[in-house]
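From just these sequences and the hints, can you work out the full model?
Going letter by letter, the sequence shown gives residues 0 to 720 in numbering that gives the first Met the number 0.
Note that these hints are calculated values from the structure, not bench results. Where is the CB? At the ideal position from N, CA and C, for every residue including glycine. Honestly, I wouldn't trust all of these hints.
[To be verified] Here are the computed distance ranges between Cβ atoms for each label pair:
| # | residue 1 | residue 2 | range |
| --- | --- | --- | --- |
| 1 | D107 | R11 | 31 to 37 Å |
| 2 | E562 | K318 | 53 to 59 Å |
| 3 | E525 | K399 | 46 to 52 Å |
[As the list claims (entries may be wrong)] Below 27 Å or equal to it, Euclidean Cα-Cα: the simulated DSS-like pairs (lysine-lysine) are:
| # | residue 1 | residue 2 |
| --- | --- | --- |
| 4 | K268 | K211 |
| 5 | K243 | K130 |
| 6 | K387 | K703 |
| 7 | K271 | K243 |
| 8 | K503 | K268 |
| 9 | K147 | K14 |
| 10 | K520 | K499 |
| 11 | K92 | K243 |
| 12 | K364 | K318 |
| 13 | K45 | K147 |
| 14 | K211 | K478 |
| 15 | K147 | K268 |
| 16 | K271 | K14 |
| 17 | K211 | K243 |
| 18 | K493 | K268 |
| 19 | K499 | K478 |
| 20 | K141 | K271 |
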Amino acid sequence: MDSMDRSRAFLRDVKRLVVKVGTAVVTRSDGRLALGRLGALCEQIKELNSQEFEVILVSSGAVGIGRQRLRYRQLVNSSFADLQKPQVDLDGKACAAVGQNSLMALYDTLFSQLDVTSAQLLVTDNDFRDKGFRSQLSDTVKSLLSLKVIPIFNENDAVSTRKAPYEDSSGIFWDNDSLAALLALELKADLLVLLSDVDGLYSGPPSDPQSKLIHTYVKERHQGEITFGDKSRVGRGGMTAKVKAATGAAYAGIPVIITSGYAPANILKVLKGDRIGTLFHQDAHLWEPQKDVGARDMAVAARESSRRLQAISSQERRKILLDIADALEANEKLISAENEADVAEAQQTGYEKALVSRLALKPGKISSLANSIRTLANMEDPIGHVLKKTEVSDGLFLEKTSSPLGVLLIVFESRPDALVQIASLAIRSGNGLLLKGGKEARRSNAILHKVITEAIPDSVGGTIIGLVTSREEIPDLLKLDDVIDLVIPRGSNKLVSQIKNSTKIPVLGHADGICHVYVDKSADLEMAKRIVLDAKIDYPAACNAMETLLVHQDLVHTGGLNELVVNLRIEGVILNGGPRSSSLLNIPEAGTFHHEYNSLACTLEIVDDVFAAIYHIHQHGSGHTDCIVTEDHEVAEVFLRQVDSAAVFHNASTRFSDGARFGLGAEVGISTSRIHARGPVGVEGLLTTRWILRGSGQTVDGDKGVVYTHRDVKIESQLVN
Numbered sequence: 000m001d002s003m004d005r006s007r008a009f010l011r012d013v014k015r016l017v018v019k020v021g022t023a024v025v026t027r028s029d030g031r032l033a034l035g036r037l038g039a040l041c042e043q044i045k046e047l048n049s050q051e052f053e054v055i056l057v058s059s060g061a062v063g064i065g066r067q068r069l070r071y072r073q074l075v076n077s078s079f080a081d082l083q084k085p086q087v088d089l090d091g092k093a094c095a096a097v098g099q100n101s102l103m104a105l106y107d108t109l110f111s112q113l114d115v116t117s118a119q120l121l122v123t124d125n126d127f128r129d130k131g132f133r134s135q136l137s138d139t140v141k142s143l144l145s146l147k148v149i150p151i152f153n154e155n156d157a158v159s160t161r162k163a164p165y166e167d168s169s170g171i172f173w174d175n176d177s178l179a180a181l182l183a184l185e186l187k188a189d190l191l192v193l194l195s196d197v198d199g200l201y202s203g204p205p206s207d208p209q210s211k212l213i214h215t216y217v218k219e220r221h222q223g224e225i226t227f228g229d230k231s232r233v234g235r236g237g238m239t240a241k242v243k244a245a246t247g248a249a250y251a252g253i254p255v256i257i258t259s260g261y262a263p264a265n266i267l268k269v270l271k272g273d274r275i276g277t278l279f280h281q282d283a284h285l286w287e288p289q290k291d292v293g294a295r296d297m298a299v300a301a302r303e304s305s306r307r308l309q310a311i312s313s314q315e316r317r318k319i320l321l322d323i324a325d326a327l328e329a330n331e332k333l334i335s336a337e338n339e340a341d342v343a344e345a346q347q348t349g350y351e352k353a354l355v356s357r358l359a360l361k362p363g364k365i366s367s368l369a370n371s372i373r374t375l376a377n378m379e380d381p382i383g384h385v386l387k388k389t390e391v392s393d394g395l396f397l398e399k400t401s402s403p404l405g406v407l408l409i410v411f412e413s414r415p416d417a418l419v420q421i422a423s424l425a426i427r428s429g430n431g432l433l434l435k436g437g438k439e440a441r442r443s444n445a446i447l448h449k450v451i452t453e454a455i456p457d458s459v460g461g462t463i464i465g466l467v468t469s470r471e472e473i474p475d476l477l478k479l480d481d482v483i484d485l486v487i488p489r490g491s492n493k494l495v496s497q498i499k500n501s502t503k504i505p506v507l508g509h510a511d512g513i514c515h516v517y518v519d520k521s522a523d524l525e526m527a528k529r530i531v532l533d534a535k536i537d538y539p540a541a542c543n544a545m546e547t548l549l550v551h552q553d554l555v556h557t558g559g560l561n562e563l564v565v566n567l568r569i570e571g572v573i574l575n576g577g578p579r580s581s582s583l584l585n586i587p588e589a590g591t592f593h594h595e596y597n598s599l600a601c602t603l604e605i606v607d608d609v610f611a612a613i614y615h616i617h618q619h620g621s622g623h624t625d626c627i628v629t630e631d632h633e634v635a636e637v638f639l640r641q642v643d644s645a646a647v648f649h650n651a652s653t654r655f656s657d658g659a660r661f662g663l664g665a666e667v668g669i670s671t672s673r674i675h676a677r678g679p680v681g682v683e684g685l686l687t688t689r690w691i692l693r694g695s696g697q698t699v700d701g702d703k704g705v706v707y708t709h710r711d712v713k714i715e716s717q718l719v720n
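Spelled out as structure tokens, the structure:
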């Protein structure tokens, strides 16, 4: 709650809330009860009840449930002849009477299982014309809430005299959305939550990919912009009814949030301050001046700027990189000051030492980054290279050329230096870029982004690199598969997995860095000790650090295993063992071999030979980087050929698996994917290809217009423009 943004700060003071659940949430598409969703709803209310929140539930669904049950009963009691006759619609009021009984019986059962008591209160629109009724209603609800009973309201459709939905100036409700709004006002609630079958209010029909979720509804801006889709598949409401009810309640002083009732914990997330759903608030118009650039606008701007970057000459692109390098060095003091503030805050917050270490821009780092950018600038221009040239027919030549991917979205944690590397690679490869760094580096990222974009000429535009400043924009960005071409997450396996599971955009990266070092029986032991120590302790938090040490069984008897263990322990490395090594060395057994420690700890296991090591790596590794230490070149070749990882080394530390160390200039990340780039990803990994066909009037004409030669043509030396 402490990190809650200004628009949701009022949630800290919420004590009483009204929750309205619609028919589309209560029932499935076939009309039957959605037991899973109802169970999750009741569990959330139970949790809120135990946290001293006062929850009032308004539940639709009675008519739909009753209709489904009566149709079944009608079918059971019908003869074959009856079924041949035109079917008459069931009486809605009878459906309501039958369904209400079933609905409340279910709520009673579910709440009873959770040791919660519920109460049914049925009302009609005419009831609210009576001041005495309103007063008594308030007293009854107050009494129920004091006893921790959950009041469950529904319109008493079975006896309501209203012929059709309507509204009037006296505040009479016209469906359960407006009933919930009316009850929130009458019962002085602090919040109204309207649960829907979509994530909130969209700028258009939710099924339209161009529609955007509106996080905060501002009547003056959104009223004329929104295009509503179809009415709800069931019930009387739909989003139009919800917006009417929400707008009325909000302007009367009751904040309203419309969010999905399909997600199992959305009410809890709302009260925690998560920016989900659509907020309606009487002060929303006061928050407008922030004028944040929307996710789509940011992505479109990056694409337009990238096209302008591709249109300028190679020398002009090179100069942009050199200007950025100079600007970084010129602003080193300012960058360091902002970074020191981030580090101090991270230490005060209690972040792990490994994260604080990654966060800090150590002395000399800015100069090092600037020199890396200059190295990148002086490399051969990767854009527009002819990779293959073919004579298709006489006078008809086809060229396969290198081309930027388009717009990249990079989500990274902790390391502000990653922003500089990624931005320089994007410019060198002609791509647009959206960056989202961790909140712990927000000051560092902001100043680095400012320095870099101000060094980019107006002819290209600083919008080629967009900086996403709030976590909530990421879900929106991940939906933009029409304007973002590749997502590269750099961070924890949790971050990478979440992103892979949340988008249709191709994702390039790795979820785990389970790197192995296998020490063979023929290894030079002194070399092996140096490599093992370097792979583990040089930078334990890196994804290319050793996490599992595999040792040939013969080294147990020769003393080699003991020397490796002693060396690691001297450096403070905590050892966990596999089944064989844990009993032999009297060390704790690892819960799993597939574990990334990111710290001074590793797993140790004994294997029979190189083939057992390869099998172990394939079973438990992540396809990142694996190494063999051996003097037997035949064994080494077996390992190098058969280990199916992005990087496989012989007699060298896994820490070499890095774009800068590979001579790529920099890297946007390391990929364990098998499509497109694999291993450390530099400029080449950010390129795709396009085809250029140069002719002189040729036509296909049913393949009679040309004689195909398909002859490879030598590519002439390509001069930099």
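Okay, the hints, checked on the actual structure:
1. D107 to R11: 31 to 37 Å: With a Cβ separation near 33 Å, D107 and R11 satisfy 31 to 37 Å, so the hint holds.
2. E562 to K318: 53 to 59 Å: holds (54 Å)
3. E525 to K399: 46 to 52 Å: holds (49 Å)
4. K268 to K211: holds (21 Å)
5. K243 to K130: holds (24 Å)
6. K387 to K703: holds (26 Å)
7. K271 to K243: Given pair K271, K243 holds - Cα atoms ~26 Å apart, limit 27 Å.
8. K503 to K268: Holds. K503 to K268 sits at ~25 Å (cutoff 27 Å).
9. K147 to K14: OK: K147 and K14 at ~13 Å, within 27 Å.
10. K520 to K499: violated (40 Å)
11. K92 to K243: holds (25 Å)
12. K364 to K318: holds (22 Å)
13. K45 to K147: Judged against 27 Å, a Cα distance of about 10 Å means the pair holds.
14. K211 to K478: Cα-Cα ~10 Å, so holds.
15. K147 to K268: holds (22 Å)
16. K271 to K14: Holds: K271 and K14 sit about 13 Å apart, inside 27 Å.
17. K211 to K243: holds (19 Å)
18. K493 to K268: holds (19 Å)
19. K499 to K478: holds (12 Å)
20. K141 to K271: Holds, at roughly 25 Å.
The structure is inconsistent with hint 10 alone, although it conforms to all the rest.
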